[in-house]
Amino acid sequence: MIRSVSYAILLGWPFEGSTVLRISLPLLALAMAPTKKERTASRNPSLVRGIGKFSRSKMYHKRGIWAIKAKHGGSFPRHEPKPASAPPPAVKPPKFYPADDVKTPIPNRRKPKPTKLRASITPGTVLILLAGRFMGKRVVFLKQLPSGLLLVTGPFMINGVPLRRVNQAYVIATSTKVDLSGVNVDKFDDKYFTKEKKKTTKKGEGEFFETDKEETKALPQEKKDDQKAVDSQLIKAIEAVEDLKAFTQPRRNKMQKTTHYQLPAVVRRYECYLPDSTSGA
Amino acid sequence: MVKGRQGERVRLYVRGTILGYKRSKSNQYENTSLVQIEGVNTKEVAWYCGKRMVYIYKAKTKTKGTRYRCIWGKVARPHGNSGVIRAKFKSNLPPKSMGRRVRVFMYPSNI
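Line by line, the protein sequences are chains G and X.
Residue numbers are given in the numbering used here: position 239 of the first sequence equals residue 239, and the series is strictly consecutive.
Residue numbers are given in the numbering used here: position 14 of the second sequence equals residue 14, and the series is strictly consecutive.
Where hints are given, some of them may not hold.
[As the list claims (entries may be wrong)] When the alpha-carbon atoms are kept at most 27 Å apart in a straight line, the in silico DSSO-like pairs for lysine-lysine are as follows: (1) Lys64(X) x Lys197(G); (2) Lys74(X) x Lys116(G); (3) Lys224(G) x Lys245(G); (4) Lys143(G) x Lys245(G); (5) Lys198(G) x Lys177(G); (6) Lys62(G) x Lys37(G); (7) Lys64(X) x Lys195(G); (8) Lys64(X) x Lys198(G).
[Stated by the list, open to error] Residues from chain G that face chain X, not an exhaustive set, calculated with beta carbons under 7 Å: (9) Leu130; (10) Ala131; (11) Met135; (12) Gly136; (13) Ala169; (14) Tyr170.
Hints were generated in silico from the structure; no laboratory data involved.
Keep in mind it's a predicted model, so treat the numbers as computed, not measured.
Every residue gets a Cβ at the ideal spot worked out from N, C-alpha and C, and that includes glycine.
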């Protein structure tokens, strides 16, 4: 069928075949219409990746190259040739060619995105830490850092958890939320939390045997101040939420023996936690 | 674990029992163990898939400051309809672990 149509095109029309007529009519309509609608899809639907439905000759006809040529007196219209620009400055051949071809690695343009935040975790959510030094503590989520880790604080005054980074996978989000409008966390990013590099100085033999007294890990005062700044705003917001302060404080309860697949419902029960009750999570 | 934790003694893991290896009547496949999670006896156990678990045991000599040693693993998939799970550990569990405790943690969490 296709072959017969292409023959017909070669011979010049008129040709038979209802499909061909169907093709030519829309083209005529286009030629007659004053404004053209922008074509969004390719005229050649793909059957399999790399293989279109129509042959080259068919596509020639579909694209209407024959009509454009007819309009412009037999040849395809071309732009005026661009004026020849000045030839690029002559490059001297290099004096040295390396013996073996060295392959240059392709530059890595990948920019990793931070991990997708679970829908249940929004700024101000109270989270439960599942692992690590502060496991079991309930903590307020501040924001997601560019590395994907969550920035979190106890607040320190309430449960001893400082401004800290935590991985999303090691956290359960409760449905309790705290209003974070008064808290400014813009200054915190991953660099804030990196370890400071120790400056290694070459030691003489005598100094070798002296204990290195630079190892004291006192928190710099500015970090303490940052903590206080964030916490003071946050504690006000926490006190606004009923019972939340007691919830985030460490308790003397044991966890109830609920099985954990029930946990989402159990965790939501935290909202009505009363300080005096002994039923844990 | 920080020593001298005050107050809170939360158990952030679920207890599990190691039932044995994945096996048929006369062949066993030690790379996969079967674990019964406490309190779970239905297909709902699928929630635990992917959660990490650890088998803890004691040894005579002290390594890295402690006599406790552990083998980490993951919940791989449910086993049957009654809440048993298949677990894969970093190294296969020793046969003496059968009948003993395993801790199934809540992480990596998806709540």
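Results of checking the hints against the structure:
1. Restraint check for Lys64(X) and Lys197(G): the C-alpha separation of about 26 Å stays at or below 27 Å, so the hint holds.
2. Pair hint Lys74(X) plus Lys116(G) holds up; C-alpha atoms about 23 Å apart against a cutoff of 27 Å.
3. Note on Lys224(G) and Lys245(G): the hinted pairing holds, with a Cα-Cα distance of about 21 Å set against a maximum of 27 Å.
4. Between Lys143(G) and Lys245(G) the CA atoms are separated by roughly 20 Å; this keeps the pair inside 27 Å, and the hint holds.
5. In summary, the hint linking Lys198(G) to Lys177(G) is not supported, as the alpha carbons are separated by about 40 Å, beyond the 27 Å threshold.
6. A hinted pair counts as satisfied when its Cα atoms are at most 27 Å apart, and Lys62(G) with Lys37(G) qualifies at roughly 16 Å.
7. A distance of roughly 24 Å separates the Cα atoms of Lys64(X) and Lys195(G); the hinted pair therefore holds under the 27 Å criterion.
8. A distance of roughly 25 Å separates the Cα atoms of Lys64(X) and Lys198(G); the hinted pair therefore holds under the 27 Å criterion.
9. Hint status for Leu130(G): holds, given a least beta-carbon distance of 5 Å to chain X, under 7 Å.
10. Satisfaction of the interface hint for Ala131(G) is found here, the shortest Cβ-Cβ separation to chain X being roughly 6 Å, below the 7 Å cut-off.
11. Interface hint at Met135(G): satisfied, since its Cβ lies 6 Å from the closest Cβ of chain X, which is below the 7 Å cut-off.
12. Given hint, Gly136(G) at the interface with chain X, holds; its Cβ is 4 Å from that chain's nearest Cβ, closer than 7 Å.
13. Given hint, Ala169(G) at the interface with chain X, holds; its Cβ is 4 Å from that chain's nearest Cβ, closer than 7 Å.
14. For Tyr170(G), the interface hint holds, since its Cβ comes within 7 Å of a Cβ in chain X; the closest pair sits about 5 Å apart.
Checked against the numbered hints above, the structure breaks only hint 5 and satisfies the rest.
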